[in-house]
Amino acid sequence: EGQMVQSGTEMKKPGESLKISCKVSGFTFKNNWIAWVRQTPGKGLQWVGSIYPGDSDIRYSPSFQGHVSISADMSTTTAYLEWSSLEASDTAMYYCSRLVTGTTYYFDPWGQGTLVTVSS
Amino acid sequence: QSALTQPASVSGSPGQSITISCSGTNNDIGAYPYVSWYQQHPGRAPKVLISDVSRRRSGVSARFSGARSGETASLTISGLQAEDEADYYCASYSGNSTPLFGGGTHLTV
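Note that the protein sequences, when read in sequence, are chains A and B. The first sequence finishes on residue 120 if you use the numbering used here, and the numbering steps up by one all the way, no holes. The second sequence finishes on residue 1109 if you use the numbering used here, and the numbering steps up by one all the way, no holes.
Any given hint could be a false lead.
Dumping the calculated DMTMM-like pairs for lysine to aspartate or glutamate here, alpha-carbon to alpha-carbon at most 25 Å [stated by the list, open to error]:
(1) A/Lys30 to B/Asp1052
(2) A/Lys19 to A/Asp55
(3) A/Lys43 to B/Asp1087
(4) B/Lys1047 to A/Asp108
Partial list, computed: chain B residues near chain A (C-beta under 8 Å) [said to hold, decoys possible]:
(5) Tyr1034
(6) Ala1045
(7) Pro1046
(8) Ser1051
(9) Arg1056
(10) Phe1064
(11) Glu1085
(12) Tyr1089
(13) Ser1097
(14) Pro1099
(15) Phe1101
(16) Gly1104
Computed beta-carbon distance windows for the label pairs [said to hold, decoys possible]:
(17) A/Gln65 to B/Ser1009: 45 to 51 Å
(18) A/Glu1 to B/Ala1062: 18 to 24 Å
(19) A/Ser84 to B/Gly1070: 40 to 46 Å
(20) B/Gly1030 to A/Gly8: 39 to 45 Å
(21) A/Met74 to B/Pro1033: 30 to 36 Å
These are computed hints drawn from the structure, not numbers from a lab. The beta-carbon is built from N, C-alpha and C at its ideal position, and this holds for glycine as well.
Start from the sequences, fold in the hints, and give me the full structure.
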């Protein structure tokens, strides 16, 4: 079924940069979409974007386009979510997950989550 | 795109059945057979229960079932147990490689 292990809790100041990671094992990294999902108390789950490592195809939610960058390293089977300038509103839990597609469409498995807190 | 619409909370007694609705549009739930449901306990990551509207994923209890009618999907939990108390989220494909989530429903048992 696979496993996704994320990097640890981050506390940053507004304007700082950040890159969080998601290490994948147990399924073929390059042939699966890896998605990032944000969770905040007020807005529940929101899809941030997805990457297909095999050809570096990347899709972003319009709500996050231009504010985050998604990348992947096939040599380490790790996906990344990056900010160049954090804002207080980026405070949230971020999950990575495999987005299973084809004749189906669902998220499984999920990483344990990375809590990002942005505060001055 | 707007999130799918779910009730904020539902409740039921042990042994009863409850249904959580998930309302969308003819651009998402009404257009594609790709509705999924997730269970999230406090402090834990979401876990998939149902995919493709009504397909139970491996290891998921038969007490959980999914359905769709038009632009609305639903998750029914029968024989409620205390361990079912959690947050539940629906999701749907909405075209152009874009998934949408519902706002979540807290189930109290």
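| query | What hint numbers does the structure not satisfy? | reply | 9, 10, 11 and 17
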